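Chemist: Starting from the known structure of chain V, arrange chain G on it as the hints suggest.
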Amino acid sequence: MFFSELYSAYYVTVANVLREAVTRPVSQEDIRIIVEKYAFGESILSIPTALKEERWPLLRPDGTAVLKHQPSMPLTTMEKRWLKSVACDPRIKLFGEIDLGPDFDGVEPLFLPEDVIVFDRFTDGDDYTDETYIANFRLILDAIRKKYLLDIESLSGRGRMIKQTVLPRCLEYSEKDDKFRLRGACGRFGSTLNLGRIVSCRASEEKTGAFSGKDRAVRSRTVTFQLVDERKALERVLLHFAHFEKSAEKLDDKHYSVTIHYDKEDETELVIRILSFGPLIRVTTPQHFVDLIKQRLADQRSIDQIDHKSCGQ
Amino acid sequence: MAYSEVVKNFNKIRQYMRSFYVYGFRSRSEYTEKSSRSYDDERRRIESWLGDYMQFRQAPDGRIAFISIDSRRAAHNPMYKAWKAKSFTDGDITLHFLLFDILSTLGKIFSIKEIMNSLDGYLAQFKEPRVFDVSTVRKKLNEYAAEGLVNVEKRGRTAYYSRADDVPVPCVDVLNYFSEVMPCGVIGSFILDGQSGQVRQEDREDREESGQHFAFKHHYITGTLDSQVLYELFSAIRERRGVALETVNRDSDRTSETRVIPLRIMISVQSGRQYLMAYVPAHQKITPFRADNILSVSHGEICENYDELQCTFEGMRPHLWGVSTRSRSNQRMERVEFTIRYADDEQYIRERLEREKRCGTVEHIDENTSRFTADVFDAWEMIPWIRTFICRITDIHFSDSRLEEQFWQDIREMYALYGLEGGN
Chain V
0 MFFSELYSAY
10 YVTVANVLRE
20 AVTRPVSQED
30 IRIIVEKYAF
40 GESILSIPTA
50 LKEERWPLLR
60 PDGTAVLKHQ
70 PSMPLTTMEK
80 RWLKSVACDP
90 RIKLFGEIDL
100 GPDFDGVEPL
110 FLPEDVIVFD
120 RFTDGDDYTD
130 ETYIANFRLI
140 LDAIRKKYLL
150 DIESLSGRGR
160 MIKQTVLPRC
170 LEYSEKDDKF
180 RLRGACGRFG
190 STLNLGRIVS
200 CRASEEKTGA
210 FSGKDRAVRS
220 RTVTFQLVDE
230 RKALERVLLH
240 FAHFEKSAEK
250 LDDKHYSVTI
260 HYDKEDETEL
270 VIRILSFGPL
280 IRVTTPQHFV
290 DLIKQRLADQ
300 RSIDQIDHKS
310 CGQ
Chain G
0 MAYSEVVKNF
10 NKIRQYMRSF
20 YVYGFRSRSE
30 YTEKSSRSYD
40 DERRRIESWL
50 GDYMQFRQAP
60 DGRIAFISID
70 SRRAAHNPMY
80 KAWKAKSFTD
90 GDITLHFLLF
100 DILSTLGKIF
110 SIKEIMNSLD
120 GYLAQFKEPR
130 VFDVSTVRKK
140 LNEYAAEGLV
150 NVEKRGRTAY
160 YSRADDVPVP
170 CVDVLNYFSE
180 VMPCGVIGSF
190 ILDGQSGQVR
200 QEDREDREES
210 GQHFAFKHHY
220 ITGTLDSQVL
230 YELFSAIRER
240 RGVALETVNR
250 DSDRTSETRV
260 IPLRIMISVQ
270 SGRQYLMAYV
280 PAHQKITPFR
290 ADNILSVSHG
300 EICENYDELQ
310 CTFEGMRPHL
320 WGVSTRSRSN
330 QRMERVEFTI
340 RYADDEQYIR
350 ERLEREKRCG
360 TVEHIDENTS
370 RFTADVFDAW
380 EMIPWIRTFI
390 CRITDIHFSD
400 SRLEEQFWQD
410 IREMYALYGL
420 EGGN
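First to last, the sequence lines map onto chains V and G.
Per numbering that gives the first Met the number 0, the very first residue in the first sequence carries number 0; after that it's consecutive.
Per numbering that gives the first Met the number 0, the very first residue in the second sequence carries number 0; after that it's consecutive.
Isolated chain V (complex conformation):
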């Protein structure tokens, strides 16, 4: 069963309470801390009471568990099937081959890579079979975990070689680009590097403690546009921009105002994504964003006037 109490936050929370209570008596305060960490906002109203009132007879009045063992549950068949699918994914090579062992021999993968078609992913994604790429990925992930510096040589977008010492923070993956980027502290403004452009990467001799590199600050921007709900634009637009922090407001039966918060580095991408909705959305603020759209339209109009296209001529 997919939607099952076996995976519920309540079971996980009680398992964590019992895990403690098997070794020592737990107080109401201990239970409160565990509930706040693992369960939901209002679970504090139900879980401690159910344990205390013995509706769930699992804790003795002295706070010790009636269990003799640390609570644990084997993997369900559904979990094993999903893991088997993970093992079939080409990206798993980045982490090293995973050996699921003989217990998985009779387990069918939930799905195989060929069962899923991502139809609008860009085709110049990273090469996850490239040995150098894999080695760089693993070294970077290790450096993120252990927080040490890396000396990295990479090619810029214009083909120039750049050498940097970076304190890696995280690997950012884009499903659309099918690429990983390294985000890290470096120099005055931080660093964002495409893993596919890294030429060499090795642990630095420089110590992290003395490192003065800064993290990249997110340059948050907003854009507001009005949309007219024709040709199912409302649903298409709101789904398309769903991954941004956003707010939407209904103006009348057909018109809506949408504000999106984005990072300045993604502005050009956002301009073309807004253009893709044609006349169904119109940017209202800020003016510089309006001008970016206008400039593209003006350039198109210039071409039209030369070639006499758009006015039905």
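For the record, the hints were derived by calculation from the structure and aren't laboratory data.
From a predicted model like this one, the values you see are computed outputs, not experimental measurements.
Just so you know, not all the hints are guaranteed correct.
[Said to hold, decoys possible] Chain G is faced by these chain V residues, among others (derived, beta-carbon under 7 angstroms):
no.: 1; residue: His68
no.: 2; residue: Leu109
no.: 3; residue: Asp123
no.: 4; residue: Tyr172
[As the list claims (entries may be wrong)] Using C-beta positions, here's what the derived DEER-type ranges look like:
no.: 5; chain 1: G; residue 1: Ser34; chain 2: V; residue 2: Glu28; range: 36 to 42 angstroms
no.: 6; chain 1: G; residue 1: Asp394; chain 2: V; residue 2: Val117; range: 26 to 32 angstroms
no.: 7; chain 1: G; residue 1: Asn329; chain 2: V; residue 2: Thr221; range: 42 to 48 angstroms
no.: 8; chain 1: V; residue 1: His287; chain 2: G; residue 2: Asn329; range: 41 to 47 angstroms
no.: 9; chain 1: G; residue 1: Ser398; chain 2: V; residue 2: Asp150; range: 54 to 60 angstroms
no.: 10; chain 1: V; residue 1: Val117; chain 2: G; residue 2: Ala58; range: 36 to 42 angstroms
Quick reminder that beta carbons are idealized off the backbone N, C-alpha and C, glycines included.
Modeler: Just chain G now, kept in the frame of chain V:
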């Protein structure tokens, strides 16, 4: 019934969560046609699960609740919490922990009688000991056996039960990454929650921090609400089985049932939409179904000519831009051609065209000009993408003249919207 933050039925909450997240402008009155209490309960539940991701705004027609998440900054999909809110009885949770404790005695198998005796031993420690009848316990054990948690072995007429073996699981980084990028990723999140003893203790403690090793851009998180549907469809695809889909038409709010042979799942990483591509025997056509419009999936018979249908679909793929398998012009195939121009220092546009062309072909006419051509079932699907080249399009032609007229009409409307000459 008294309010509870856990729920029995996921479909209702699925709809509310999508609405709060995607359509964050609806006021209470727009949800309360059927029941205002239902709205209040669902909103309260989602607020309890998502905390600060649930936000409120005052509007003239009332308070508006919405979910706002920058998925680039959230290490784990917050919507997974909805899948962890299944309701249960006092008996369910009690039996869960006691049965696994009994079965955790290494290398031992237990008859139902032994299990009942042990259970009584645990429960006798309380002032008012709860009593479970044998059929309830047997039913629970059989449920767990069906989930793969418990082994059942028959010796003569007696069934013996044992705990399924622990198996190794990949490291937390693997689970963190794939739980965000794989279909049905919430299953990875279940494993990470560490109910399973296999997630190493130090990893479990480190989980919060290790979640930050990865971040995700262009990350659509609403798809998780369709995970159960996808799970059932994947299972049917692997077994080459037909299914009955219960679907809803969002415009009319009507539901219907369609018998289909599921072939593939198609996913858009530019809108987050997930589709089932399926053969519909009643129409003898391969058709897309949006996963978020599928309410339930019931498995049917194994399909004898499954390979043949897969081959038919493979033959169609070179003409699929998105998921549409039918034109609006009644032409079997529609042709699209356009030419773009770019400056010497804009060679990235040429690269963009190459990486985004999908089933189309690109011809580089000179250093500054490229031509794109495609023969597709439905050229309307391409329009949004073509518009992203506005400012560079020197020539465009559609085999469907209505579409060509609409394209230029839209461009003229855009000129007008921004006050440029040449608009309507």
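Chemist: So, for every hint listed, does it hold in this structure?
Modeler: Status of the hints after comparison with the structure:
For His68/V, the shortest C-beta to C-beta distance to chain G is roughly 4 angstroms, which falls under 7 angstroms, so the interface hint holds. At its closest, the beta carbon of Leu109/V sits 5 angstroms from a beta carbon of chain G; the interface hint therefore holds under the 7 angstroms criterion. Evaluation of the Asp123/V hint against chain G yields a held restraint, the C-beta minimum of about 4 angstroms falling below 7 angstroms. Checking Tyr172/V against chain G: minimum C-beta separation of about 6 angstroms stays under 7 angstroms; hint holds.
Between Ser34/G and Glu28/V the Cβ separation comes to about 39 angstroms, which falls inside the hinted range of 36 to 42 angstroms. For the pair Asp394/G and Val117/V, the beta carbons lie near 31 angstroms from each other, so the given range of 26 to 32 angstroms is met. For Asn329/G paired with Thr221/V, a C-beta distance near 44 angstroms keeps the hint of 42 to 48 angstroms intact. Checked against the given bound of 41 to 47 angstroms, the beta carbons of His287/V and Asn329/G, roughly 45 angstroms apart, stay inside it.
With their beta carbons about 55 angstroms apart, Ser398/G and Asp150/V fall inside the hinted range of 54 to 60 angstroms. The hint said 36 to 42 angstroms for the Cβ distance between Val117/V and Ala58/G, and at roughly 38 angstroms that hint holds.
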